[in-house]
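Enquirer: Sequence:
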Amino acid sequence: MDYFNIMTILFINKQIKKMRTLIIFNPYSAKGKGIESKDFIENELKRWKIDYEIYITRNLEDLIETTKKNLSKDFNNFISVGGDGTLHYMANILAGTNKNLGIIPMGSGNDISKNLDLPTDIKSCCKIIKKSKIKKIDLGLINNKYYYLCIAGSGFDSEVTDLANHTRFPFKGPSKYTYAVYKTLMTFRSKKFFLSYNGKKREIYGMMVVASNMQSYGGGMRITPNASSQDGLFDICIIKRMSKLHFIRVFPKVYEGKHIEDPFVEIFRTDTMKLDSEYPFSVFADGEYICKLPVTFKIIPKHLNFLAP
Numbered sequence: 001m002d003y004f005n006i007m008t009i010l011f012i013n014k015q016i017k018k019m020r021t022l023i024i025f026n027p028y029s030a031k032g033k034g035i036e037s038k039d040f041i042e043n044e045l046k047r048w049k050i051d052y053e054i055y056i057t058r059n060l061e062d063l064i065e066t067t068k069k070n071l072s073k074d075f076n077n078f079i080s081v082g083g084d085g086t087l088h089y090m091a092n093i094l095a096g097t098n099k100n101l102g103i104i105p106m107g108s109g110n111d112i113s114k115n116l117d118l119p120t121d122i123k124s125c126c127k128i129i130k131k132s133k134i135k136k137i138d139l140g141l142i143n144n145k146y147y148y149l150c151i152a153g154s155g156f157d158s159e160v161t162d163l164a165n166h167t168r169f170p171f172k173g174p175s176k177y178t179y180a181v182y183k184t185l186m187t188f189r190s191k192k193f194f195l196s197y198n199g200k201k202r203e204i205y206g207m208m209v210v211a212s213n214m215q216s217y218g219g220g221m222r223i224t225p226n227a228s229s230q231d232g233l234f235d236i237c238i239i240k241r242m243s244k245l246h247f248i249r250v251f252p253k254v255y256e257g258k259h260i261e262d263p264f265v266e267i268f269r270t271d272t273m274k275l276d277s278e279y280p281f282s283v284f285a286d287g288e289y290i291c292k293l294p295v296t297f298k299i300i301p302k303h304l305n306f307l308a309p
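The sequence shown: position 108 = 108 (full-length UniProt numbering), numbered continuously.
Careful, some of the hints might be misleading.
[Claimed, not checked] Derived pair list, reagent style EDC-like, types lysine to aspartate or glutamate, alpha-carbon separation capped at 20 Å:
1) Lys-145 to Glu-288
2) Lys-131 to Asp-121
3) Lys-200 to Glu-266
4) Lys-240 to Asp-276
5) Lys-18 to Glu-53
6) Lys-69 to Asp-51
7) Lys-192 to Asp-276
8) Lys-191 to Glu-203
9) Lys-133 to Asp-117
[Said to hold, decoys possible] Pair by pair, the computed Cβ-Cβ distance ranges are:
10) Asp-62 to Ile-248: 38 to 44 Å
11) Gln-230 to Ile-267: 15 to 21 Å
12) Lys-145 to Lys-38: 29 to 35 Å
13) Lys-38 to Ile-204: 44 to 50 Å
14) Ser-72 to His-246: 50 to 56 Å
15) Arg-249 to Tyr-179: 16 to 22 Å
16) Thr-272 to Met-186: 30 to 36 Å
17) Lys-69 to Trp-48: 24 to 30 Å
18) Thr-296 to Lys-123: 38 to 44 Å
Note that these hints are calculated values from the structure, not bench results. The beta-carbon is built from N, C-alpha and C at its ideal position, and this holds for glycine as well.
Kindly generate the complete structure, drawing on both the sequences and the hints.
Expert: So, in structure tokens, the structure goes:
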């Protein structure tokens with residue numbers, strides 16, 4: 001091995017040793033599952049000789065403030081121990097910076113981890129933190145203000161998400177989303193949506209419109225099975241007006257992404273879209289409430305560093 005190669009290896013090793021990691025716990029994710037795993041997580045971090053600090057958040061405001069105030073410190077990696085919601089708020093702060101976002105998933109759905117083909121076990125997650133390999137991913141942007149990682153939607157799906165977020169025992173994980181779908185269907189009525197994209201203006205009667213940066217949400221519903229967080233485009237899915245009976249027949253297919261073969265489902269791609277409706281639907285992104293319609297969606301390419309295998 002020549003002198004240049006030796007010096008390169010020494011430099012890389014030195015850079016790896018310099019990596020500092022802030023582990024941010026959401027103690028309320030998955031009914032405290034994350035905080036119950038704290039000792040095991042710390043043992044793995046020590047086993048991998050990771051230079052880390054741990055912070056346990058008290059509430060959402062504390063999560064946001066803690067992430068913001070540590071941006072100016074020498075942390076390279078910000079690790080969420082929580083669910084998709086925790087990731088959502090941290091991504092909004094880390095977007096466009098040279099900091100890296102990672103996750104030890106402890107949520108009810110963990111769709112973002114699944115979409116990025118990340119492991120769910122603690123040992124494998126800590127190995128990823130140690131290696132600190134970066135994947136640059138696109139982010140969705142709503143009204144030039146709110147970033148999101150996965151999927152944003154309005155209409156039937158935002159009504160479902162709102163109900164699922166407030167659903168407790170006996171439903172948990174993906175089952176609460178399935179329950180919320182059928183519960184919402186009982187009273188839901190399709191509305192007129194107004195879309196503007198790629199130089200087109202359209203009016204459609206439909207159930208919902210989603211702007212996807214990834215493939216699945218709601219605990220594994222593959223609403224846009226061909227979406228990618230690295231292609232610089234949204235996959236837009238429109239569920240048009242259909243009978244309740246037809247919806248009941250089509251809905252189970254969403255878990256395999258085969259619903260897109262139905263004539264009442266439309267998929268197209270764009271990097272920008274304006275969306276409004278005759279009804280003031282809420283807009284949810286990454287399972288979090290964002291605002292009411294109207295909205296403008298934009299894709300921001302390669303805007304977040306994410307730790308990946």
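Enquirer: With reference to the structure, classify each hint as holding or not holding.
Expert: Hints, one by one, checked against the model:
no. : hint                           : in the structure
1   : Lys-145 to Glu-288             : holds, 14 Å
2   : Lys-131 to Asp-121             : holds, 16 Å
3   : Lys-200 to Glu-266             : holds, 15 Å
4   : Lys-240 to Asp-276             : holds, 15 Å
5   : Lys-18 to Glu-53               : holds, 14 Å
6   : Lys-69 to Asp-51               : holds, 19 Å
7   : Lys-192 to Asp-276             : holds, 9 Å
8   : Lys-191 to Glu-203             : holds, 10 Å
9   : Lys-133 to Asp-117             : holds, 14 Å
10  : Asp-62 to Ile-248: 38 to 44 Å  : holds, 42 Å
11  : Gln-230 to Ile-267: 15 to 21 Å : holds, 18 Å
12  : Lys-145 to Lys-38: 29 to 35 Å  : holds, 34 Å
13  : Lys-38 to Ile-204: 44 to 50 Å  : holds, 48 Å
14  : Ser-72 to His-246: 50 to 56 Å  : holds, 54 Å
15  : Arg-249 to Tyr-179: 16 to 22 Å : holds, 18 Å
16  : Thr-272 to Met-186: 30 to 36 Å : holds, 35 Å
17  : Lys-69 to Trp-48: 24 to 30 Å   : holds, 26 Å
18  : Thr-296 to Lys-123: 38 to 44 Å : holds, 42 Å
Hint compliance for this structure: no hint is broken.
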